[in-house]
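Colleague: Sequence:
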Amino acid sequence: MAKRHAYEAQFKLKAISYAEEHGNRAAAREYKINESMVRKWRKLENELRQVKKTQLSFRGHKAKWPELEEKLGNGSSSKERAGGAFQLSPSDSEQ
Numbered sequence: 003m004a005k006r007h008a009y010e011a012q013f014k015l016k017a018i019s020y021a022e023e024h025g026n027r028a029a030a031r032e033y034k035i036n037e038s039m040v041r042k043w044r045k046l047e048n049e050l051r052q053v054k055k056t057q058l059s060f061r062g063h064k065a066k067w068p069e070l071e072e073k074l075g076n077g078s079s080s081k082e083r084a085g086g087a088f089q090l091s092p093s094d095s096e097q
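Here this note's numbering is used: the first residue of the sequence shown is 3, the next is one more, and so on.
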């Protein structure tokens, strides 16, 4: 399985520009990315033009429970980060 890669907005806009002239499939070949990524980025073109060009933008879903993830992330040990179980104390669930 290939390693996931995050792309900057500037790279995405270059791929979009190439795709508009040559087509999605040709852009995918030229930039060595999946054609579905080109289609997705073309739909998000207006939003991509609004962000900072060096920003790694639109990389996935936002957290469903950011407060909980923040709380769990702050007190986690290396064992927990490696896939161990989290255990909340009663005081954690009351807040």
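Everything labelled a hint here was simulated from the structure, so no lab data went into it. Some clues are possibly wrong.
To be verified - Result set (DSBU-like, lysine-lysine): computed pairs, CA atoms no more than 35 Å apart in a straight line:
no., residue 1, residue 2
1, 55, 45
2, 73, 42
3, 73, 16
4, 55, 5
5, 16, 54
6, 73, 54
7, 34, 16
As the list claims (entries may be wrong) - Computed spacing ranges between beta-carbons, pair by pair:
no., residue 1, residue 2, range
8, 22, 52, 11 to 21 Å
9, 16, 74, 30 to 40 Å
10, 25, 74, 13 to 23 Å
11, 74, 5, 36 to 46 Å
12, 5, 68, 39 to 49 Å
13, 23, 73, 43 to 53 Å
14, 69, 31, 38 to 48 Å
15, 70, 27, 12 to 22 Å
16, 5, 32, 15 to 25 Å
17, 10, 31, 35 to 45 Å
18, 69, 34, 34 to 44 Å
All residues carry an ideal CB built from backbone N, CA and C; glycine is no exception.
Colleague: All hints, please: hold or fail.
Modeller: Results for each hint:
1. 55 / 45: Given pair residue 55, residue 45 holds - Cα atoms ~17 Å apart, limit 35 Å.
2. 73 / 42: 33 Å, holds
3. 73 / 16: Violated, at roughly 39 Å.
4. 55 / 5: Distance ~23 Å between residue 55 and residue 5 Cα, so the pair holds.
5. 16 / 54: 14 Å, holds
6. 73 / 54: Measuring from Cα to Cα gives roughly 29 Å; hence the hint holds.
7. 34 / 16: Since the Cα atoms of residue 34 and residue 16 sit roughly 13 Å apart, the hinted pair holds (cutoff 35 Å).
8. 22 / 52: 11 to 21 Å: 18 Å, holds
9. 16 / 74: 30 to 40 Å: 38 Å, holds
10. 25 / 74: 13 to 23 Å: Violated - the Cβ-Cβ distance for residue 25 and residue 74, about 45 Å, lies outside 13 to 23 Å.
11. 74 / 5: 36 to 46 Å: 26 Å, violated
12. 5 / 68: 39 to 49 Å: Violated, since residue 5 and residue 68 (Cβ atoms, about 26 Å apart) do not stay within the stated range.
13. 23 / 73: 43 to 53 Å: At 48 Å between Cβs, range holds.
14. 69 / 31: 38 to 48 Å: 43 Å, holds
15. 70 / 27: 12 to 22 Å: 42 Å, violated
16. 5 / 32: 15 to 25 Å: 20 Å, holds
17. 10 / 31: 35 to 45 Å: Given range 35 to 45 Å: violated, Cβ gap about 20 Å.
18. 69 / 34: 34 to 44 Å: Given a distance of about 39 Å, which is inside 34 to 44 Å, the answer is holds.
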